Amino acid sequence: MARKGRVGGTKSFLLTAIALLALGVWAVKDGWFPSADMEKHQLFNQTLAVMSLLGSAVCAYIHYLVK
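Residue 1 is where the sequence shown starts when you use my numbering, and the numbers rise one by one after that.
Derived by calculation from the structure, the hints in this document are not laboratory data. Predicted, not measured: the structure shown is a model, and the values here were computed from it. Do not take every clue at face value.
In silico SDA-like pairs for lysine to any residue, Cα to Cα no more than 25 Å straight-line [claimed, not checked]:
(1) K11 / L65
(2) K29 / L48
(3) K40 / M51
(4) K11 / V25
(5) K67 / S52
(6) K29 / K40
(7) K11 / L48
(8) K11 / C59
FRET-style restraints, in silico, Cβ to Cβ [unchecked claim]:
(9) M51 / T10: 18 to 26 Å
(10) L65 / F44: 29 to 37 Å
(11) R3 / S35: 55 to 63 Å
Think of the CB as a built atom: it goes at the ideal place given N, C-alpha and C, for glycine as much as any other residue.
Working from the sequences, and respecting the hints, build out all of it.
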């Protein structure tokens, strides 16, 4: 017979989602609205923005499921 137990959630996925969201917002600003100095890094910042916002959404979803 299987045991049923309640496992408490953690806030690690929530904190990671918030950190990735902040990184993603900063990368969006630099990727799509770059200053004169950052024009050569525009593609990197756009890729970073997409990846970090996607990671933020995944971590937020996991936090929602686990809590």
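**Asked** Of the hints given before, which are not true for this structure?
**Response** none
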